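Residue-level listing of the chains:
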Amino acid sequence: MKLYTYCFAESLNGLNNPPRGVSGAPVRLLKIDGIAVLASITNGFRPTQNDFIAHAAVVRSVFKQAKSILPFRFGQILTEPHLRNYVSRHRQAIKANFAHLRGCAEMNVRMIGTRENAPPPIVNTDKPVGPGTRFLLDKRREFRGDEWQAARRAELSEWFTEKLGQLKRDEKINVIPSDRIIIARADHLIERGRIPDYRAKMAGAIEERPEWRFMVSGPWPPYSFANIELEFGSQFGVS
Amino acid sequence: MSDFDQIIVGEEWDSSDLSLLETLDHVLNRGLVIAGEITISVADIDLIFIGLNVLVSSVETAHEVLRKRETE
Numbered sequence: 001m002k003l004y005t006y007c008f009a010e011s012l013n014g015l016n017n018p019p020r021g022v023s024g025a026p027v028r029l030l031k032i033d034g035i036a037v038l039a040s041i042t043n044g045f046r047p048t049q050n051d052f053i054a055h056a057a058v059v060r061s062v063f064k065q066a067k068s069i070l071p072f073r074f075g076q077i078l079t080e081p082h083l084r085n086y087v088s089r090h091r092q093a094i095k096a097n098f099a100h101l102r103g104c105a106e107m108n109v110r111m112i113g114t115r116e117n118a119p120p121p122i123v124n125t126d127k128p129v130g131p132g133t134r135f136l137l138d139k140r141r142e143f144r145g146d147e148w149q150a151a152r153r154a155e156l157s158e159w160f161t162e163k164l165g166q167l168k169r170d171e172k173i174n175v176i177p178s179d180r181i182i183i184a185r186a187d188h189l190i191e192r193g194r195i196p197d198y199r200a201k202m203a204g205a206i207e208e209r210p211e212w213r214f215m216v217s218g219p220w221p222p223y224s225f226a227n228i229e230l231e232f233g234s235q236f237g238v239s
Numbered sequence: 001m002s003d004f005d006q007i008i009v010g011e012e013w014d015s016s017d018l019s020l021l022e023t024l025d026h027v028l029n030r031g032l033v034i035a036g037e038i039t040i041s042v043a044d045i046d047l048i049f050i051g052l053n054v055l056v057s058s059v060e061t062a063h064e065v066l067r068k069r070e071t072e
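So the sequences go chain by chain: A and B. The first sequence begins at 1 in our numbering and counts up one residue at a time. The second sequence begins at 1 in our numbering and counts up one residue at a time.
So that you can see chain A by itself, here it is in the shape it has in the complex:
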């Protein structure tokens, strides 16, 4: 038997009015070592837009009823022994993440701005260079690009800290430069009861930066904070 998985949930013994899951399958609650797992029985399927929406709807439904959840990324199909083995090996990490996310929701900020302070070109590329030099120059360019992105992330984080103060319990920032613009995304972990404060502070902050374009969305289940990175990331290269 294979299980399509939606999320882990803390202290959940039943689910009121769960929506249908992927492929219209019923959603079941399993308890493994005291941890609730929401899943549907499946034999595999070709995903459609309705399946993505069904996954999101199930996760959102559980999010409203449980103290804390760890949403799965779309498409996780596991055998029951594989799932039991994972929970048994990562039980403490799952519980620690439940505690970190308890009572919180994720808010997202997308920003688009004109690219400024781009890293200067390192070399005149019109000059012919050998393959070794080219390799080192590419590495150097890559390194400087990483440095530049890290600097932009730090600037944004400082700005958010100034504007939001203690409201953000956790934060992840990604910066994607292209030729002329910067697209940045910030994910904030916010206590559910303080989301109106967050919205008010973000609205004020946005007014201070008319040169950027913003979109704030949420509250979302904490998808961006669900990975157990230390125990899993290095094994499978998950970001």
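Note that these hints are calculated values from the structure, not bench results. Hints are not guaranteed to be accurate.
To give an idea of the interface, some chain A residues facing chain B are shown, with a C-beta separation under 7 Å as derived from the structure [claimed, not checked]:
(1) F74
(2) W159
(3) K163
(4) S217
(5) A226
(6) N227
Source: prediction; values computed, not measured. Positions of the beta carbon are idealized from the N, C-alpha and C atoms, including for glycine.
Add chain B to chain A, keeping to what the hints say.
For chain B alone, kept in the frame of chain A given last:
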């Protein structure tokens, strides 16, 4: 998704399209991963293609927005 909320500053976007894009971004790009290799074998190339489409259209839309602003 009835309680989805957003603040949009600037040009008018279709909020239903944005809600769907945001939902896809969350369920496809984020969340706990236990078995990445199984995800690919189940979803096949379609899942990767859809993910790339979302990213490409987002970047192109961003360029288009900036182009419009510069010509205004």
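Can you name, in rising order, the numbers of the hints this structure does not satisfy?
-> Failing hints, ascending: 2, 3.
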